[in-house]
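Chemist: Residues -15 to 26 in this note's numbering are what the sequence shown lists, from first letter to last.
Misleading hints may appear alongside valid ones.
Cut-off 30 angstroms, straight-line C-alpha distance, at most; resulting in silico cross-link-like pairs (DSBU-like, lysine-lysine) [what the hints assert, rightly or not]:
{"hint": "1", "residue 1": "LYS(-12)", "residue 2": "LYS2"}
{"hint": "2", "residue 1": "LYS(-11)", "residue 2": "LYS2"}
{"hint": "3", "residue 1": "LYS2", "residue 2": "LYS(-9)"}
{"hint": "4", "residue 1": "LYS2", "residue 2": "LYS(-10)"}
FYI, nobody ran anything at the bench for these hints, they're computed from the structure.
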Amino acid sequence: MVLKKKKLAFIDDAQAEKLNNVIIEMGDVLLNITGASVAGVV
-15 MVLKKKKLAF
-5 IDDAQAEKLN
5 NVIIEMGDVL
15 LNITGASVAG
25 VV
């Protein structure tokens, strides 16, 4: 997989501080949802 820097999203220091108790480990699945919902229940 090749990541293109212009397509990456970044968080600022204040946002990072709110997540300081989150630890990402090898094998974790990360989900990113921005904009419209990816699924819904009717």
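Chemist: Against the earlier hints, flag every one the structure doesn't satisfy and list their numbers going up.
Modeler: No hint contradicted; all consistent.
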